[in-house]
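Throw the hints in and build the complete structure from the sequences for me.
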Amino acid sequence: MLAQESDYIQEEVYKNSHFICQRNDHVLYYDCTNYYFEIKQEDGEKKYGKSKEHRPNPIVQMGLFTDGDGIPLAFSLFPGNQNEQTSLKPLETKVLREFGCDKFIYCSDAGLASENNREFNHMGKRAFIVTQSIKKLPAEDRQWALNGTGFRRLSDDKPVDLSRLSEQDVHELFYKDAPYTTKKLYQRLIITYSPK
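Every number in my numbering is 906 more than the matching position in the sequence shown, counting from 1.
Possibly wrong hints are sitting among the right ones.
[Stated by the list, open to error] List time: in silico EDC-like cross-link candidates among lysine to aspartate or glutamate, alpha-carbon distance up to 20 angstroms: (1) K1031 <-> E1004; (2) K921 <-> D973; (3) K1000 <-> D937; (4) K1000 <-> D973; (5) K1064 <-> D1075; (6) K1041 <-> D1015; (7) K1000 <-> E918; (8) K1042 <-> D1015; (9) K1009 <-> D1062; (10) K995 <-> D913; (11) K1009 <-> D975; (12) K1031 <-> E1021; (13) K1009 <-> E1078; (14) K921 <-> D975; (15) K958 <-> D937; (16) K1031 <-> D1008; (17) K1031 <-> D973; (18) K1031 <-> D1062; (19) K1000 <-> E990; (20) K921 <-> E911; (21) K921 <-> D1008; (22) K921 <-> E1004; (23) K1009 <-> E1025; (24) K1009 <-> E917; (25) K995 <-> E951; (26) K956 <-> D1015; (27) K1000 <-> D913; (28) K958 <-> D1015; (29) K1031 <-> D1063; (30) K956 <-> E944; (31) K956 <-> D937; (32) K995 <-> D937; (33) K995 <-> E1021; (34) K1009 <-> D1063; (35) K1041 <-> E1021; (36) K1000 <-> E911; (37) K958 <-> E948.
Simulated from the structure, these hints should not be mistaken for lab results.
In structure tokens:
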């Protein structure tokens, strides 16, 4: 049965894809979605949960990693009543162990940016970029995030002022962790610069 060999198939597809193209596996995107079933009762992993389509039917959820070019890398299915934040660690562990990807930047939306997921992606050679609503930040943190000074270039750790960046800096990544040095180290802000 294909479902029983899913992990092996994903691993082999990834390994063999390197013969066809160069994979951009230094940036990995992760997101979750769910699928509803036209049934009234729960069955197996089809459980009542928060449907993306707001339907009252049982659902199954899927977590998907894609590479930096949007090409699928690995996926997992999990029960519809499970919190999607807990789906990341098992799948990412599989990517680390079986795919040999150990140095990458994990990117996700705010829904998957739990403290545990950020902490997990601050280990080894990994880093993370997650969205955060500026409006929902406390005033002190909002002021810190919007201040264009105190950033450093990720490539060479040189200090930069975001207000003085040029068109040539468009593809650079910048990070800022002061004044968060007194808090946990993984609470850093990494941004991509986009000129107006």
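Structure-based check of each hint:
1. K1031 <-> E1004: holds, 16 angstroms
2. K921 <-> D973: holds, 13 angstroms
3. K1000 <-> D937: holds, 16 angstroms
4. K1000 <-> D973: holds, 15 angstroms
5. K1064 <-> D1075: holds, 13 angstroms
6. K1041 <-> D1015: holds, 15 angstroms
7. K1000 <-> E918: Answer holds: K1000 to E918 is near 13 angstroms, not above 20 angstroms.
8. K1042 <-> D1015: holds, 15 angstroms
9. K1009 <-> D1062: holds, 17 angstroms
10. K995 <-> D913: holds, 15 angstroms
11. K1009 <-> D975: holds, 16 angstroms
12. K1031 <-> E1021: holds, 18 angstroms
13. K1009 <-> E1078: With Cα atoms ~18 angstroms apart, K1009 and E1078 stay inside 20 angstroms; holds.
14. K921 <-> D975: Roughly 16 angstroms separates the two Cα atoms, so the pair holds.
15. K958 <-> D937: holds, 13 angstroms
16. K1031 <-> D1008: Given pair K1031, D1008 holds - Cα atoms ~6 angstroms apart, limit 20 angstroms.
17. K1031 <-> D973: Roughly 17 angstroms between the alpha carbons, so the hint for K1031 and D973 holds.
18. K1031 <-> D1062: Given pair K1031, D1062 holds - Cα atoms ~16 angstroms apart, limit 20 angstroms.
19. K1000 <-> E990: The given pair, whose Cα atoms are some 17 angstroms apart, holds under the 20 angstroms limit.
20. K921 <-> E911: holds, 16 angstroms
21. K921 <-> D1008: holds, 14 angstroms
22. K921 <-> E1004: Satisfied, since the Cα-Cα distance of roughly 10 angstroms is no more than 20 angstroms.
23. K1009 <-> E1025: holds, 15 angstroms
24. K1009 <-> E917: Satisfied, since the Cα-Cα distance of roughly 17 angstroms is no more than 20 angstroms.
25. K995 <-> E951: Given pair K995, E951 holds - Cα atoms ~19 angstroms apart, limit 20 angstroms.
26. K956 <-> D1015: Judged against 20 angstroms, a Cα distance of about 17 angstroms means the pair holds.
27. K1000 <-> D913: Holds, because 9 angstroms separates the two Cα atoms, which is no more than 20 angstroms.
28. K958 <-> D1015: holds, 15 angstroms
29. K1031 <-> D1063: Holds, because 16 angstroms separates the two Cα atoms, which is no more than 20 angstroms.
30. K956 <-> E944: holds, 15 angstroms
31. K956 <-> D937: holds, 15 angstroms
32. K995 <-> D937: It holds: about 13 angstroms lies between the C-alpha atoms, which stays within 20 angstroms.
33. K995 <-> E1021: Holds. K995 to E1021 sits at ~12 angstroms (cutoff 20 angstroms).
34. K1009 <-> D1063: With Cα atoms ~18 angstroms apart, K1009 and D1063 stay inside 20 angstroms; holds.
35. K1041 <-> E1021: holds, 19 angstroms
36. K1000 <-> E911: holds, 14 angstroms
37. K958 <-> E948: holds, 17 angstroms
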